[in-house]
Each structure stands twice: as C-alpha cells, then as structure tokens.
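Novice: Listed below are the residues making up each chain.
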Amino acid sequence: MKADPKGVLTGSHYLDGDHAAAEGALAAGCTFFAGYPITPSTEVAERIAERFPEVGGIFIQMEDEMASMAAIIGAAWGGAKTMSVTSGPGFSLMMENIGLAAMMETPCVVVDVQRGGPSTGLPTLPGQADMMQARWGSHGDYEIIALSPNSPQECFWTTIKAFNLSERYRVPVLVMMDECVGHMTEKVVIPKAEDIELYPRRYTKLPPDKYLPFLPEKDLVPEMIKAGDGYKIHVTGLTHDEKGYPVMSWEAQEKLVRRLVEKIRLFADELVDIEEDQTEDAEVVVVSYGISSRVAIPAIQKARKKGIKVGLLRLIIVWPFPEKRIFQLAEKIKGFVVVEMNYGQMVLEVERATKGKAKTTLVPHGGGWVHDPEDIYKAIKEAAK
Amino acid sequence: MLEVAVGGAKMKFWRKPLDLDKLELPQGEIHIIKDRCKGCGFCVEYCPKDVLELSTEFNIKGYHPPYVKFPDECVDCGLCEMLCPEFAIFVKEKKKEVKKVES
Amino acid sequence: MKPTEQLVEEKKIEEEHPMEHILRMDRIPHIWCPTCGIGTAMTAFATAVEKSQIPLNNIAVVSGIGCSGRIAGYIKLDSFHSTHGRAIPFATGLKLANPKLKVAVLSGDGDIIGIGGNHFIHAARRNMDIVVLCINNFIYAMTGGQLAATTPLTANTSTSPYGNFEQPFNLPYLAASCGAVYVARWTALDVRRLSKAIAEAMQKKGFSFIEIICPCSTIYARRNRLGTGLDLMKFYHDNMVIKHGANVEELGIGFQSKIIVGKFIDRERPTFLDAHNRWLKSVLKDKFREYGGPDD
Numbered sequence: 001m002k003a004d005p006k007g008v009l010t011g012s013h014y015l016d017g018d019h020a021a022a023e024g025a026l027a028a029g030c031t032f033f034a035g036y037p038i039t040p041s042t043e044v045a046e047r048i049a050e051r052f053p054e055v056g057g058i059f060i061q062m063e064d065e066m067a068s069m070a071a072i073i074g075a076a077w078g079g080a081k082t083m084s085v086t087s088g089p090g091f092s093l094m095m096e097n098i099g100l101a102a103m104m105e106t107p108c109v110v111v112d113v114q115r116g117g118p119s120t121g122l123p124t125l126p127g128q129a130d131m132m133q134a135r136w137g138s139h140g141d142y143e144i145i146a147l148s149p150n151s152p153q154e155c156f157w158t159t160i161k162a163f164n165l166s167e168r169y170r171v172p173v174l175v176m177m178d179e180c181v182g183h184m185t186e187k188v189v190i191p192k193a194e195d196i197e198l199y200p201r202r203y204t205k206l207p208p209d210k211y212l213p214f215l216p217e218k219d220l221v222p223e224m225i226k227a228g229d230g231y232k233i234h235v236t237g238l239t240h241d242e243k244g245y246p247v248m249s250w251e252a253q254e255k256l257v258r259r260l261v262e263k264i265r266l267f268a269d270e271l272v273d274i275e276e277d278q279t280e281d282a283e284v285v286v287v288s289y290g291i292s293s294r295v296a297i298p299a300i301q302k303a304r305k306k307g308i309k310v311g312l313l314r315l316i317i318v319w320p321f322p323e324k325r326i327f328q329l330a331e332k333i334k335g336f337v338v339v340e341m342n343y344g345q346m347v348l349e350v351e352r353a354t355k356g357k358a359k360t361t362l363v364p365h366g367g368g369w370v371h372d373p374e375d376i377y378k379a380i381k382e383a384a385k
Numbered sequence: 386m387l388e389v390a391v392g393g394a395k396m397k398f399w400r401k402p403l404d405l406d407k408l409e410l411p412q413g414e415i416h417i418i419k420d421r422c423k424g425c426g427f428c429v430e431y432c433p434k435d436v437l438e439l440s441t442e443f444n445i446k447g448y449h450p451p452y453v454k455f456p457d458e459c460v461d462c463g464l465c466e467m468l469c470p471e472f473a474i475f476v477k478e479k480k481k482e483v484k485k486v487e488s
Numbered sequence: 489m490k491p492t493e494q495l496v497e498e499k500k501i502e503e504e505h506p507m508e509h510i511l512r513m514d515r516i517p518h519i520w521c522p523t524c525g526i527g528t529a530m531t532a533f534a535t536a537v538e539k540s541q542i543p544l545n546n547i548a549v550v551s552g553i554g555c556s557g558r559i560a561g562y563i564k565l566d567s568f569h570s571t572h573g574r575a576i577p578f579a580t581g582l583k584l585a586n587p588k589l590k591v592a593v594l595s596g597d598g599d600i601i602g603i604g605g606n607h608f609i610h611a612a613r614r615n616m617d618i619v620v621l622c623i624n625n626f627i628y629a630m631t632g633g634q635l636a637a638t639t640p641l642t643a644n645t646s647t648s649p650y651g652n653f654e655q656p657f658n659l660p661y662l663a664a665s666c667g668a669v670y671v672a673r674w675t676a677l678d679v680r681r682l683s684k685a686i687a688e689a690m691q692k693k694g695f696s697f698i699e700i701i702c703p704c705s706t707i708y709a710r711r712n713r714l715g716t717g718l719d720l721m722k723f724y725h726d727n728m729v730i731k732h733g734a735n736v737e738e739l740g741i742g743f744q745s746k747i748i749v750g751k752f753i754d755r756e757r758p759t760f761l762d763a764h765n766r767w768l769k770s771v772l773k774d775k776f777r778e779y780g781g782p783d784d
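Chains as they are written, first to last, in the numbering used here: chain A, 1 to 385; chain B, 386 to 488; chain C, 489 to 784.
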C-alpha cells in the first residue's frame with residue numbers, strides 16, 4: 001500500500017539524521033510515539049512532538065524508557081504504528097520490554113542513536129558499541145531485525161524499511177544509528193507519497209470464533225488483531241500456546257521459541273541488504289556500517305591507487321547477519337578488514353561467517369570520534385599481504 | 386421484635402406491617418457446582434439467612450463443598466454468588482407461587 | 489437426541505453460572521488458593537462490567553505480574569499480561585492508540601506501587617483515562633511472601649523475617665496527592681459496594697483508583713499466624729469502618745488495625761487526551777489535526 005500523504009513532507013530538505021528519521025516515521029504512517037529524552041536521540045522526539053499535531057498522531061513523553069517501550073507495545077495492540085527512540089543507557093533500560101515485544105510478536109520500531117559508552121560514557125559523541133546488545137540485549141531466545149543507515153537520506157529510508165519489516169515479521173525492529181549520522185546535516189529528498197511503498201499490518205479476516213492469536217501462517221508469522229474489534233484475545237509474556245493462553249511445559253516452550261527464532265532465521269535470505277562497491281575483483285574486503293563505512297572510503301581509494309584490490313561491503317541490515325555472502329567472498333579473497341567504532345562486535349560475526357576460509361582483521365576504535373583513515377589503510381595493506 | 390412467617394421463611398419486624406397480607410418474599414434456588422468449590426466457606430459464613438453449611442462429602446478435588454441446609458429460607462439476595470471466588474455457586478429466582486401469610 | 493443426552497444437556501445449561509460469558513471457562517478452575525480474595529475481586533469486577541453497560545468489545549484489561557496479575561488470563565475481554573510493573577504504561581499506550589477503549593488495569597500492590605510506582609504517579613498526574621484496581625494483599629504473594637511497599641509495620645514476610653520496620657504507603661493518600669480523580673478503598677468482603685464503586689469508576693473519565701483489600705491465606709495469613717482467608721474476611725467484617733470523604737492523610741493501615749473504607753475523592757479534571765486536543769487546537773488552530781483512532 002502507498003503512504004498517506006498527510007505524513008509525507010515531499011520535497012528537497014536540508015535535515016540532520018535524527019530529523020530525517022522522524023520524517024521517515026511520519027511517512028511510514030507512525031501515529032504514536034512514546035519516548036524519553038536522551039542525547040543524541042532527543043531531536044527525533046522533538047521533531048515528532050512538533051509534527052504529530054499537524055499530521056494527526058499522539059506524542060507522549062513518558063517518565064522513563066521502560067514506560068516508553070511498554071507504551072509503544074500497548075499502542076501497537078491498540079492499532080497504531082508505534083516508535084520510540086533512545087541511546088545507550090536508555091537502550092539498556094528498554095531491554096526487558098523489547099523481549100516482551102518479541103514474545104508478544106508486536107510490530108514496533110526502536111531507534112538507537114549510539115553514543116560513546118559504557119554507562120553514561122560520551123553523551124554527545126559517536127559510538128557503535130551497542131551492536132551486539134541489539135541482537136542479544138534481552139534475556140532468552142528471540143530474533144530481531146536491526147538496520148544501520150550511514151547518511152541522513154538513508155535514515156529516512158531505513159526508518160520506513162524498519163516499519164515495513166516490523167509489520168511483515170511481527171517483530172520489534174531496531175534502527176542502529178550513531179551520533180555522527182544522527183547529528184549530520186545533509187540533503188534529504190523526500191518523494192511523493194505514492195512513491196513510498198508500505199507493508200500493511202497483517203490483520204486477520206477470520207471471525208472471532210475461528211481466529212487463534214498465535215497460530216502461524218505458512219511463513220511462521222501469525223495474523224494480528226487490535227483490541228476493540230471484539231476478538232477478546234489474551235496476550236501474555238508467559239510461554240503460551242496458539243490461543244495465547246499460558247502453558248507451563250517444555251513442549252509449549254519448544255514450539256513457541258523455535259517459531260520465534262525460525263520466523264527470522266529461515267527467511268534470512270530475504271533479509272539481506274548490503275551495499276557492495278568494487279568487490280568483484282577484490283582481494284581484501286572492508287566490512288563496515290554506519291558512519292565508519294563513510295570514513296573507510298578515503299582509505300579504500302588510497303589503497304586502490306597503490307594497487308591493492310580492495311572493495312567495501314556495507315551492512316544496511318545488520319541483524320540477521322548476511323553470513324552467506326560473507327562466506328561466498330571468504331572463499332575468494334585474502335581477508336576481511338572490519339571497521340567499527342567499538343572493540344570488536346560485528347567482527348565476531350564476520351569471523352564466524354568466514355568459517356576460517358579468510359583472515360579477519362579488526363580496526364577498533366573506542367568511540368568519541370571517527371577512525372583515522374590512515375589506520376584503515378594500514379590494516380588493508382596488512383591484509384593484502 | 387416480632388417473628389413473622391412470610392412465605393416459607395421467618396422474618397423479624399419491629400412492628401406488624403400494615404400490608405403483611407400482600408408481602409411476598411423473593412425465593413431463591415441455589416445451584417452449587419460442587420467440583421469447582423475449594424471449600425473456602427465464604428458463602429456459608431456470610432449468607433444472611435444461614436441457609437448453607439459445609440457438607441461432609443468430598444468433591445473431586447477433596448474439598449467439602451457446601452450444601453443447602455434450609456432451601457426454603459433462601460431469599461435470592463445473591464451474596465453467595467458474588468462472594469464465591471470460584472464461580473461455584475449461584476442463585477436463580479424460584480418460580481413464584483402465591484403463598485398465604487400467617488402471623 | 490437420546491433422552492439421557494437431553495437430560496445431561498439440560499443439566500449443563502442449568503448449571504451455567506451467570507458470569508460464565510465473561511470468563512474464559514476453558515481456564516477455570518483458576519490458580520488462586522482456597523480462601524484467596526482475588527477470585528472475589530474478579531467477580532466484583534465482572535459484575536461491575538455488566539452493570540456499567542459499556543459494550544464488552546470496548547473494554548480491555550491489562551495486568552502485571554503476580555497473583556493478582558493473573559486476572560487478565562481469566563477474563564474474557566481483550567486482555568494483556570505485560571511485564572512486572574509496566575501494566576500502567578502499557579494501558580496508557582493502549583488507551584491513547586484507541587481512545588474509544590475503556591482500559592482497566594487489574595494488578596497487585598507490589599506490581600502497581602512497588603516496581604510500578606513511578607508509572608502510577610505519572611499516570612495519575614497526567615489523568616490518563618484508565619481505571620486502576622490495586623488488589624492489596626500487603627505482600628508479594630506469588631514469589632513466596634516478600635516485603636511489599638504496603639506491608640504494615642511489624643508484619644512478618646520472608647524478607648523481613650524479624651518483622652517489618654519500614655513505613656508502608658498509604659495508597660489513597662498517594663493517589664489523591666498525584667491527582668487521581670476517583671479514589672476509593674473497599675475490601676473483598678464488601679462485594680456489592682465494591683462492584684458499585686468499580687462500575688462508577690468505569691463510567692468516570694480520568695484516572696480512577698480503587699484499592700481492594702484482599703485476604704491472602706497461604707502467604708500473608710499463614711506467615712503472620714492470622715488463620716485462613718476466611719479469618720481475614722471475618723477480621724475485615726469486624727474492623728472495617730466506612731467513612732466516605734475521609735481525610736486521605738489518615739487512611740494508613742497498621743498491622744491488624746481498623747481499615748477505613750469508602751469513596752474518598754470524586755472530582756473532575758481534564759484527561760490527558762482532552763487537554764492534549766484542546767490545548768493544541770487552541771495554539772495551532774486550523775493546522776491541528778486530531779488523532780482519529782486506529783482506523784483513520
């Protein structure tokens with residue numbers, strides 16, 4: 001279905017990443033936002049607070065991040081498209097309820113504008129150290145989808161994509177930005193509403209006496225309803241059966257959790273979104289995401305000038321991790337150079353995916369500023385030997 | 386205080402009501418779903434007419450459900466139905482019969 | 489149908505409890521202990537829902553974690569069993585996304601006032617249009633009997649094995665000071681007045697709070713040598729004092745002390761959504777677009 005024009009700010013704008021993400025949410029039809037201010041994500045909330053009254057949505061600043069996450073899950077069950085934003089410390093607070101959203105199979109979007117960590121860290125400076133937390137943050141077994149934009153224009157599109165994926169898979173989707181991309185101002189072109197494709201919520205057409213809230217369709221995702229339509233369902237965070245009723249048994253656990261995990265894992269091929277540049281003849285591939293991928297570009301150009309055959313593989317959908325493509329490349333190339341603003345998070349996935357067929361080098365950075373392209377170039381040179 | 390029989394039950398009055406011959410007490414029929422009962426005793430304790438008593442028989446769970454000791458005394462107040470935590474007892478209004486009133 | 493089958497059918501129909509259409513009968517009998525008052529509180533809620541005449545499709549129930557939190561699993565309405573303490577913000581989101589729903593939060597004292605204390609005071613402050621029924625059994629029963637924010641002084645709990653020395657909350661005082669528009673307290677014994685109060689609260693716009701004092705037999709009564717739930721009910725019978733409009737500051741509960749019940753606060757204040765729409769319309773005038781609900 002097409003986007004509703006009331007939320008689409010068509011035109012060519014000069015926006016920062018946070019504001020572009022807010023516009024992306026509005027274009028995707030988000031009508032409920034609950035958040036708590038935290039640098040550097042506050043601008044998203046501020047823009048939504050300004051724009052929602054014109055577009056017809058409800059903005060509420062909750063008392064903390066746990067309430068924000070609970071409120072967006074409740075609002076999703078009330079029938080709205082919902083979103084929240086946060087950064088490192090707030091992300092940690094939201095973890096319990098992200099698990100609840102995964103368990104209740106609630107479509108919602110959470111934007112994490114990463115900053116220097118751990119703990120209070122560097123509130124106004126970038127980091128990329130929440131990537132593993134995005135995947136494993138909440139307790140228990142579940143799968144989520146996470147995306148990482150590297151420009152304000154991409155912030156706009158990945159937020160829309162996040163909403164679409166959350167509806168398709170009935171799972172909370174995370175948009176992992178970083179403070180640099182969030183506070184960077186660039187040209188953002190927003191098209192007309194009819195050029196924006198949205199995935200509609202998978203509401204059931206079955207009558208209440210035939211509908212089972214957690215009976216999956218062929219793609220392992222059940223159809224959804226909203227409260228107030230007379231279905232009188234019970235939705236719980238306890239392990240439950242198809243009716244939604246809690247069941248205390250290992251069989252129910254096996255059935256439910258296996259499905260929660262497989263509904264993403266078995267469809268991982270559809271969830272590959274990477275941008276490759278010059279990887280056809282490459283001997284070394286730089287794997288990166290977010291702002292670090294832009295910082296890697298001058299290093300790659302310098303290496304190419306010096307005759308090293310190097311390419312860039314940029315992750316846009318970071319989780320589920322595109323292991324098949326990494327393995328494919330691993331069989332041909334000498335090594336991967338992983339550039340990320342942390343002390344080794346996505347590099348672990350790259351290493352695992354290569355299955356030992358190619359060397360993996362990490363160019364770490366504690367955060368607070370971007371990499372020095374010279375360090376990346378040195379690592380590329382080393383990997384090419 | 387006078388004790389006057391109205392219908393099948395006895396009622397206490399401060400004075401004899403002027404319309405005693407027209408007075409009709411509601412009558413209730415108590416239904417007990419024995420196997421749901423957990424023997425808490427709320428209904429027995431708080432019935433205003435002391436109609437119920439815990440029986441000595443066991444239900445399927447091993448509890449003693451109540452039984453209706455004085456079926457004619459029930460006045461369909463519904464307190465047992467509202468107090469029961471297990472939804473194991475409810476009252477239905479008994480079909481009305483015209484009863485003579487004696488004082 | 490054979491004559492015996494017909495007799496059984498008739499008996500089955502005759503044996504149907506009048507509240508069964510509002511209960512998930514496939515999950516009855518419930519998990520609560522014999523002489524637990526939560527079943528009674530649930531009956532009062534079900535009766536009130538019928539009395540209030542709000543269409544059943546428009547009511548949603550949200551509860552948290554704990555014995556009282558299991559109520560959501562037994563009521564046949566759109567019910568949500570969320571995480572510990574987060575029932576109130578969940579209900580906030582649910583209500584704001586679909587304003588025509590009447591949302592009731594039924595949960596325990598530990599869930600609403602302990603871990604959920606922050607959410608409680610903010611929802612009351614904002615006057616969210618929800619009904620909060622706090623089933624107070626003075627203890628964290630489901631996890632085995634730990635100290636709660638409402639446990640009276642000197643009571644024995646598993647984390648205060650030598651007796652409680654912490655001052656408990658006075659819940660109606662807390663609710664009233666945070667701006668709740670309807671504050672009442674009843675015991676599980678007083679079912680008629682309780683269900684009338686719940687029906688009143690369901691009809692009222694704004695944050696309504698009813699504290700339901702409930703016997704807990706296996707945990708609170710047993711730990712404190714108070715007998716069974718029936719003995720606690722007898723205690724309520726003898727020590728309950730009805731004082732409508734009493735001064736909320738004087739409503740604290742001591743260990744086996746008098747319990748003052750009644751309707752304490754009943755006032756009017758604009759709800760969050762009303763204030764949101766009215767204010768923004770006055771500031772933005774024609775540019776304001778009101779949220780049209782989930783089907784917009």
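Note that these hints are calculated values from the structure, not bench results. Keep in mind that a hint or two might mislead.
[Claimed, not checked] Interface residues of chain B toward chain C, partial, derived using beta-carbon atoms under 7 Å:
1. M396
2. K397
3. G424
4. G426
5. P470
All C-beta atoms, glycine included, are put in the ideal place defined by N, C-alpha and C.
Novice: Hey, does the M396 (chain B) contact hint survive, CB to chain C under 7 Å?
Specialist: This interface hint is violated because 20 Å lies over the 7 Å limit.
Novice: For the hint on G426 (chain B), just tell me whether its beta-carbon gets within less than 7 Å of chain C.
Specialist: Holds - the Cβ of G426 (chain B) comes within 7 Å of chain C, reaching about 5 Å at its closest.
Novice: With chain C as the partner, please determine if G424 (chain B) meets the hint condition of a C-beta pair closer than 7 Å.
Specialist: holds, 6 Å
Novice: Min Cβ distance, P470 (chain B) to chain C: is it shorter than 7 Å?
Specialist: This interface hint holds because 2 Å falls under the 7 Å limit.
Novice: Report holds or violated for the interface hint on K397 (chain B), using the least CB-CB distance to chain C and a cut-off of 7 Å.
Specialist: violated, 20 Å
Going through the hint list in order, the structure does not satisfy hints 1 and 2.
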